[in-house]
Amino acid sequence: MGEDRFLDITDKARTGTVGNRNYVFISLLFAACCCFVVFSGCSLPRIIVLDDPLTPEEHLTLGIAYEKSGELDPAIKEYKLAAKKLLLAYLYLGNVYFQKQEFDEAEEYYRKAMKKDPQNADAYNNLAWLYYTARENLDEAERLVLKAMELDPSKGDIYRDTLEKIEELKNSNR
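When the letters of the sequence shown are read in order and numbered with our numbering, they come out as residues 1 to 174.
It is worth saying that the hints were derived from the structure and are not from the lab.
If you're wondering where the values come from, they're calculated on a predicted model, not measured in any experiment.
The beta-carbon is built from N, C-alpha and C at its ideal position, and this holds for glycine as well.
Possibly wrong hints are sitting among the right ones.
[Said to hold, decoys possible] Straight-line C-alpha distance at most 30 angstroms; calculated DSS-like pairs for lysine-lysine:
#1 Lys100 <-> Lys147
#2 Lys85 <-> Lys68
#3 Lys84 <-> Lys116
#4 Lys155 <-> Lys116
#5 Lys84 <-> Lys115
[As the list claims (entries may be wrong)] Each pair of labels, with its calculated beta carbon distance range:
#6 Ile158 <-> Lys116: 16 to 26 angstroms
#7 Lys100 <-> Glu140: 20 to 30 angstroms
#8 Pro45 <-> Asp161: 53 to 63 angstroms
#9 Asn137 <-> Asp51: 36 to 46 angstroms
Based on the sequences and whatever the hints tell you, model everything.
Next up, the structure:
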């Protein structure tokens, strides 16, 4: 007693003092952990989050931050989480896939945005721009951008630029 020393298992087992209870507790805890590891297939317990701590708006904001920093795959993940409740996220998904030049996926999400929110003029314009970029479906592109102009006249200058580019390309193909 009174000595500063490290005790090992054999010291605790031989002492027969109050410290012996600590040894027994530690031994039982160790045995329980070994059984847990053996019977759980050597995997550690997992923490499961049942409720998403972020709101759809926060997922959208996080996706925008990822997109601005050029991290497109994490942006897609966040936009998909936001899309569960926010229709605008479909437009953002289309935009990210467009940036990745994955035009089929971009088209799919622009169409979803238009279907779920028929008043989303940007979805119509962006799909028209996708067709212009891909040099395909130019008649459809023209129809889409005209619909965008009808839905949101306040963005007429932006949409008019899209329309002019489409018309120039159509005229050059004739």
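Here is what the structure says about each hint:
1. Distance check on the hinted pair: Lys100 and Lys147 sit about 26 angstroms apart at the alpha-carbon level, within 30 angstroms; holds.
2. Proposed proximity of Lys85 and Lys68 is supported: the alpha carbons are some 22 angstroms apart, at most 30 angstroms.
3. A hinted pair counts as satisfied when its Cα atoms are at most 30 angstroms apart, and Lys84 with Lys116 qualifies at roughly 12 angstroms.
4. A C-alpha spacing of about 21 angstroms is found between Lys155 and Lys116, which places the hinted pair at or below 30 angstroms, so the restraint holds.
5. At roughly 15 angstroms between alpha-carbon atoms, Lys84 and Lys115 fall within 30 angstroms of each other, so this suggested pair holds.
6. Against the hinted window of 16 to 26 angstroms, the Cβ-Cβ separation of Ile158 and Lys116 comes to about 22 angstroms, which satisfies the hint.
7. Roughly 22 angstroms separates the CB atoms of Lys100 and Glu140, a value that falls within the hinted 20 to 30 angstroms.
8. A hinted range of 53 to 63 angstroms holds for the C-beta pair Pro45 and Asp161, which are about 57 angstroms apart.
9. Evaluation of the 36 to 46 angstroms hint for Asn137 and Asp51 yields a pass: the beta carbon distance comes to about 42 angstroms.
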